[in-house]
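Peer 1: Residue numbers (numbering that gives the first Met the number 0), protein chains in the order written: chain A, 0 to 210; chain B, 0 to 210.
Any given hint could turn out to be false.
It does not matter which identical chain is meant; a pair holds if it fits inside one copy or across any two.
Under the rule of at most 20 Å between Cα atoms (straight-line distance), these lysine to any residue pairs were calculated in the SDA-like manner [stated by the list, open to error]:
1. K124 / D180
2. K48 / H148
3. K48 / E146
The set of hints was computed from the structure by calculation and includes no laboratory data.
2 protein chains.
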Amino acid sequence: MTDTIAAGRAPVLYDLEPSGNCYKVRLFASLAQIPLERRPVDFLAGDHKREPVIGLNPWGELPVLVDGDVVLRDSQAILVYLARRYGGEAWWPGDACRQGEVVQWLSTAANEIQHGPCTARLIRKFGMALDEAAARRTGDRILGLLEAHLVRSDWLAANRPTIADCAVFPYVALAGEGGIDLAPYPFIRAWIARIAQLPHFLPTAGLAPAA
Amino acid sequence: MTDTIAAGRAPVLYDLEPSGNCYKVRLFASLAQIPLERRPVDFLAGDHKREPVIGLNPWGELPVLVDGDVVLRDSQAILVYLARRYGGEAWWPGDACRQGEVVQWLSTAANEIQHGPCTARLIRKFGMALDEAAARRTGDRILGLLEAHLVRSDWLAANRPTIADCAVFPYVALAGEGGIDLAPYPFIRAWIARIAQLPHFLPTAGLAPAA
Numbered sequence: 000m001t002d003t004i005a006a007g008r009a010p011v012l013y014d015l016e017p018s019g020n021c022y023k024v025r026l027f028a029s030l031a032q033i034p035l036e037r038r039p040v041d042f043l044a045g046d047h048k049r050e051p052v053i054g055l056n057p058w059g060e061l062p063v064l065v066d067g068d069v070v071l072r073d074s075q076a077i078l079v080y081l082a083r084r085y086g087g088e089a090w091w092p093g094d095a096c097r098q099g100e101v102v103q104w105l106s107t108a109a110n111e112i113q114h115g116p117c118t119a120r121l122i123r124k125f126g127m128a129l130d131e132a133a134a135r136r137t138g139d140r141i142l143g144l145l146e147a148h149l150v151r152s153d154w155l156a157a158n159r160p161t162i163a164d165c166a167v168f169p170y171v172a173l174a175g176e177g178g179i180d181l182a183p184y185p186f187i188r189a190w191i192a193r194i195a196q197l198p199h200f201l202p203t204a205g206l207a208p209a210a
Numbered sequence: 000m001t002d003t004i005a006a007g008r009a010p011v012l013y014d015l016e017p018s019g020n021c022y023k024v025r026l027f028a029s030l031a032q033i034p035l036e037r038r039p040v041d042f043l044a045g046d047h048k049r050e051p052v053i054g055l056n057p058w059g060e061l062p063v064l065v066d067g068d069v070v071l072r073d074s075q076a077i078l079v080y081l082a083r084r085y086g087g088e089a090w091w092p093g094d095a096c097r098q099g100e101v102v103q104w105l106s107t108a109a110n111e112i113q114h115g116p117c118t119a120r121l122i123r124k125f126g127m128a129l130d131e132a133a134a135r136r137t138g139d140r141i142l143g144l145l146e147a148h149l150v151r152s153d154w155l156a157a158n159r160p161t162i163a164d165c166a167v168f169p170y171v172a173l174a175g176e177g178g179i180d181l182a183p184y185p186f187i188r189a190w191i192a193r194i195a196q197l198p199h200f201l202p203t204a205g206l207a208p209a210a
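Only chain A is shown next, with the shape it has when bound in the complex:
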């Protein structure tokens, strides 16, 4: 691997501004002060299904990260890569127990958060024809479990801010855009505010007022 940052080139993020999955990467890169070259993709024009993006990610999804000869799809994988390579142990601890704690929440981000608050937002904000009742059920369940966790802990894993928080934050903080009210979840709202107060926090459009 060539060290692109040391060589004066930033990792390239194929990016979509309103995507919470892309925002995970932009947020973490800002918090960890990792330079990124953002390359916006015209989603409405279908450019994520055309070259060069489809050649980099046959899944036709964003974000995609290119860093020298490294090409990665999936926002969770990109967080692990950037944290391991450029972010230091703080954001992605090296020990087995802490890694396990973090990965629990990366799976939650890939599964329940995606199929709950993210899907609700795709329906309400972007008009996609998906199952809103199922998204609300998944959302209610995962927000209840997240709230119960945050009653006992300020952060999702390792007793400190990690890539787990970066992976879960975007679609939870944007839940209102999916018609999901965070009022019943005071500990989630406090966690959102806590993240928003971290040094180098990067906001995005549509965040809950608490943040």
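Model the placement of chain B on the given structure of chain A, informed by the hints.
Peer 2: Same frame as chain A, but now just chain B:
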């Protein structure tokens, strides 16, 4: 952390025999020769929603791993923990690029595999009232992407068997139980056979004949 294995005690797996998510952990532990104490949970009696399991995992899901003072839910997180702690670098590489490659597939296991072939199997084999058309659509898409990947590579990540293969294998190899035919996917079938030929491979009931 106390080292439970060095102290003569094996990590405890709260286990459900027919669960592909539990099989991920049993399979990896066998391949990496990590001892496990299996503690079967009576799912039909609802014991996963009662103490002691619900106290260990408020999500009420299996598997759960307990290793000394470490308690983890989520099969992907358990794979990362066991590999990092007891499995050596081969199954879960330490470098950023390889970790990113592996985590791409851990997300796929948590998302598309869960909502595709796993859900199809829950409907056909266990009679759960879920959306079969959606599960088939997700299954067709992910199997097509997996097939295309395996045309170019023998393994999912890092050019060798890793926890990525262990996370994706169970529900793909059990797809037939969900009414999904693997005949159109020769490279997936060859990968299943390749995994089944690894030293210390652990079979489970219902695997495709190719395996």
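Peer 1: Are the hints correct? Go through all of them and say.
Peer 2: Structure-based check of each hint:
1. K124 / D180: Within one copy, since 15 Å is at most 20 Å while 37 Å is not.
2. K48 / H148: The answer is between: 17 Å across copies meets 20 Å, while 38 Å in one copy does not.
3. K48 / E146: between (37 Å within a copy, 19 Å between copies)
The structure fails none of the hints (numbered hints given earlier).
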